[in-house]
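Fit chains B, C and D to the given chain A structure using the hints.
For reference, the chains in residue letters:
Number of protein chains: 4
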Amino acid sequence: MKKTIDIGLVGAGRIGAVHAATIQRHIPEARIAAIADPRISAATTLADRVAVERVLESPRQIMEDESIDAVLLCSSTETHPELVVEAARAGKQVFCEKPLALEIDEIERCIGATRDAGVLLQVGFNRRFDPDFARLRELVHGGAVGEVHLVRITSRDPEPPPLDYVRSSGGLFVDMMIHDIDMARFLTGREVVEVTTTAGVLVDPAIGEAGDVDTAVTTLRFDDGALCTIDNSRRAVYGYDQRVEVFGSGGMVQNRNRAATATIVTGPEGPTEPPPLHFFMDRYLDAYRAQLEAFVLAVQGGGAPPVGGEDALEATRIAQAARRSHDEARTIPMG
Amino acid sequence: MKKTIDIGLVGAGRIGAVHAATIQRHIPEARIAAIADPRISAATTLADRVAVERVLESPRQIMEDESIDAVLLCSSTETHPELVVEAARAGKQVFCEKPLALEIDEIERCIGATRDAGVLLQVGFNRRFDPDFARLRELVHGGAVGEVHLVRITSRDPEPPPLDYVRSSGGLFVDMMIHDIDMARFLTGREVVEVTTTAGVLVDPAIGEAGDVDTAVTTLRFDDGALCTIDNSRRAVYGYDQRVEVFGSGGMVQNRNRAATATIVTGPEGPTEPPPLHFFMDRYLDAYRAQLEAFVLAVQGGGAPPVGGEDALEATRIAQAARRSHDEARTIPMG
Amino acid sequence: MKKTIDIGLVGAGRIGAVHAATIQRHIPEARIAAIADPRISAATTLADRVAVERVLESPRQIMEDESIDAVLLCSSTETHPELVVEAARAGKQVFCEKPLALEIDEIERCIGATRDAGVLLQVGFNRRFDPDFARLRELVHGGAVGEVHLVRITSRDPEPPPLDYVRSSGGLFVDMMIHDIDMARFLTGREVVEVTTTAGVLVDPAIGEAGDVDTAVTTLRFDDGALCTIDNSRRAVYGYDQRVEVFGSGGMVQNRNRAATATIVTGPEGPTEPPPLHFFMDRYLDAYRAQLEAFVLAVQGGGAPPVGGEDALEATRIAQAARRSHDEARTIPMG
Amino acid sequence: MKKTIDIGLVGAGRIGAVHAATIQRHIPEARIAAIADPRISAATTLADRVAVERVLESPRQIMEDESIDAVLLCSSTETHPELVVEAARAGKQVFCEKPLALEIDEIERCIGATRDAGVLLQVGFNRRFDPDFARLRELVHGGAVGEVHLVRITSRDPEPPPLDYVRSSGGLFVDMMIHDIDMARFLTGREVVEVTTTAGVLVDPAIGEAGDVDTAVTTLRFDDGALCTIDNSRRAVYGYDQRVEVFGSGGMVQNRNRAATATIVTGPEGPTEPPPLHFFMDRYLDAYRAQLEAFVLAVQGGGAPPVGGEDALEATRIAQAARRSHDEARTIPMG
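From first to last, the protein sequence lines stand for chains A, B, C and D.
The first sequence begins at 579 in this note's numbering and counts up one residue at a time.
The second sequence begins at 579 in this note's numbering and counts up one residue at a time.
The third sequence begins at 579 in this note's numbering and counts up one residue at a time.
The fourth sequence begins at 579 in this note's numbering and counts up one residue at a time.
What the hints contain is simulated information worked out from the structure, not anything from laboratory work.
Check each hint, because a few of them may be wrong.
Since the list can't tell identical chains apart, any single copy or any two copies may satisfy a pair.
Once the Cα atoms are required to be at most 20 angstroms apart in a straight line, the calculated SDA-like pairs of lysine to any residue come out as [unchecked claim]: (1) Lys581 to Arg603; (2) Lys581 to Asp626; (3) Lys581 to Glu871; (4) Lys581 to Glu644; (5) Lys581 to Arg895; (6) Lys581 to Thr655; (7) Lys581 to Asp742.
If you're wondering where the values come from, they're calculated on a predicted model, not measured in any experiment.
Same shape as in the complex, but just chain A (with noise of 0.2 angstroms):
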């Protein structure tokens, strides 16, 4: 394989100009050789950003590309199965935003025509990567509270997304959901078999009128009997709230939230420290680097990306079921 790898990213927004940035800033082994997107004027803005060249207008010249090794898929969810079976015809490595897809066959269809292909398939949960959460699997694999017994995933947006995203995202379950999960079946290395959730809309009446929900509490059961539960607000107006704890036979251990500074006002109210971060991006800065260097690696060895598209398959499977058991008041087993 040739030194540097060839990136094609498609899709031009927020998380696009994100992962364009760190490729060509912070992994000197790959860049981005091209970006497709029909608004093409996101696209030209982003390539002069980032110092890219060449700008298409449809994904497909990216796939016809031949010195292109690789694909960022960053466009809006619907389109990820068939830019996803495309790419794999293509012989593309794949990198491909969270949610994979809304339903299940249609995840089914992306894990087949990677596999198939004989293509990586990576999904974008980012949070695995997260130096804090990463240094917790590794306690918890490594014996430091024993036996899990309970984790408490606590995971707040600063505010809601925009209605029209909270529609045609997957909402509060597929969407945000989703990687709560996934960071339960990451922590623990356990699969869930039962999925039980009561959820309401207290944040914006409007989020309701949209079909979704805005706050949720969800308690997972894992194949070694384990519990977990996940609280979901789409409001913190203290700021992002990522917090996890792994409690289990031995002990416990935990994350902090990150603020900017590590810093404290005392004045005659008492100490105070600076809220979490606000924004996702930079919350998780070193998680979007650190999942595309493993991308990266993984297109270099041709070994399995760390994160695949059966996570993906799984954590949609467990979202879908959490919406059911709230729409039927109910314990969902996981068949």
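Just chains B, C and D, lined up with the frame of chain A:
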């Protein structure tokens, strides 16, 4: 009313001893006038230790003594209803340890008897009197979190009780979780309309054989739509873990665990703080005193006690629903 | 020795009231038998509050009362030496508030008189009895930091005392810093061989006009070469700031400030904890009780009190050297 | 000025390698055009690693190359003055590692030469660019503590440098404490008028034999009367300890140490956090980048660098006074 309140203590066990010492040492407005316990040597030992002169074999003798103003019922749970009724008929003010009773009709009988007799009935939900939880409630009611969206309660014992106690006490649901259910009602001032529990036996199979669970996650929905998650474990190796978080539209309030000292040791492995206090009586020392001060104040003033029979009734109904939810793997609506 | 120790309290001011309440409420092995204060109405008020029957105008009456076993000297500093000597001659065990006296020869007179009379002399260095500082000492002596290299003491009052008190009490050096000097000796178990102080008037010019400083940094060198830095301020707007850090070849131990509750409020500005306790009597409540328990125990057992006249002597010598260092802008060797 | 700034790096040692990687990886506006080091193999190795094509044996070749805009001087301290002067004469913009020089007249020569040549002189006080310290300064200057009364700086290395380095570098005073002195000036924006130091050899007698101390407490008085205490140690077993506290009439600001992760492990002994980062290059990674970004920005804009020769001059004068204070056991007035 005379200056000093004469109290008859029924039950010279562990919690009875705590209450006796608290009254004798720290509440000059009251005194233990007599201790009754069929295990007469236990009663005598305690009486010596806390300088009480009268030791009785039967609680009936306390009920018959007209000089006694109030009773502290610290005998085993199954004796509570009969004793409450007797005390009420004898015109005594009643402080009864939790659980008031295991069955709803018994609790209703206690409430009825004390109401008919015009005497107080205070139930030993000591945690309401803990300075940290009282402060959290004050903050929540003062608007510090805006509208409540989510309450998170972690409540883990340092070690399981004896199996005999597991069998007779009401178990994790009615003996242990009942405190957390009461805390949820106390902090929010709302009523619970739905209960969902997922539980299991992870700490010790013998607890399962005794018909109980040792690990549980419970989700409550309040009548204003807010949610609450409670996680319970019978064994936290690092101590008695009692944490609460209330999250809402305007922010979040939390408490830390309390430790024996506020000291930090930093060696090559990093800074270590002392573990949470291990023993519930150390953790809630202040709360035990404050709840008896409140009782004595209510007796003096003839006002309503801060936590009464109706609170016990409601918490018990919810605890029973939690057990049913676990058994039936579905959400239980509270009628 | 009879069962209950009868104590005569001299001085019905603020600290006298604390000690009286502590004895009467919390130390069943002793009782305040009489209170003497020339301000007879203050004595009477206090006596009523803590249920003491005898009120006297002159401490002499306490000294002459053979039924009294011990005295608590809580009158103003300049009266201490004469009272200690009188009490010793009368065969009373002596607890004297700090500073024992402002001048070295007076302190030596106190030590001599109590030694000659064979009675105890305990000085009110209450901080030694604080659970956190006692724990730090235990850790240091147990080897948690290896060889001590550096002690850092921060000691800041929430607000300056009245100017009259500044003038008569010994000021920042002999009244305030003396506690920190004693803490340095207590924690390390070493003697001070050199003192260097830099100080100034930053809080209030009136303190300077009264002949004192209000902000100071003092460096001590111990006889084993270890160093200690003490920083003092007369006004910390956030409360009573009492922090200690001991650093050595094997690590570091520290204490945190204590707050009224262990609660955290997180709004948009970030997480805020309650400020340190403001009032020294709240901060050192446990310590005040523990030091009197230690005194009563020493009286009962006839052993040496845990902090005696020699400690007062040494701390005063060092405090005076600190003042001289400041005046002469040089390091003062302790003879 | 052309688009990319061409930089000549002098010195391929540890800090030179850090700066080279930073420029090449993270600062697209500049590039390392050549590396000069008489140890040619070191230069070649580094050049390969950071993709620099030209390797030179003598810094003179850099000075003579007209295509080079600026120099980074990372050679040993004693070579700095000559190189600064040569670079200035050649019209290069100058970034020089600290200490700029060990002697005052040499520093003045550097300042004079760069001033005469009209080129920049930035000195590598990297800590000013640390986000936490920059934030503290911003808070202090924004009034968060009111008038500054007291600055406390703790600065402890994880382990002593090699003895050769101790001997040649300026030692604890001029090589290590100089950073803390600069921090004191940076945070307060005030000048130092008095210095008092107490120091000793506690970590390793060999350091004493090499003519240096390894533990020191220094007190500064600023021109507005505020005080500052700096404590230094050459060995903190728990990592690189870099804490600052600024206390004033309105409150206090502090920073925490930074650790590799924000994770907590709670076992039976209590909660443990990761130790402070051990290696100064990890701790100040962001700061190293930010200071070079500032330099590049100053070169581009022709403005003054944020930390210049006058700062080096002042910090060195104070460090020398600290050593004299230690030698003479007295306060040294600056001025």
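| message | Are any of the numbered hints broken by this structure? If so, which, sorted upward? | response | Hints 5, 6 and 7 are the ones this structure does not satisfy, whereas the remaining hints hold.
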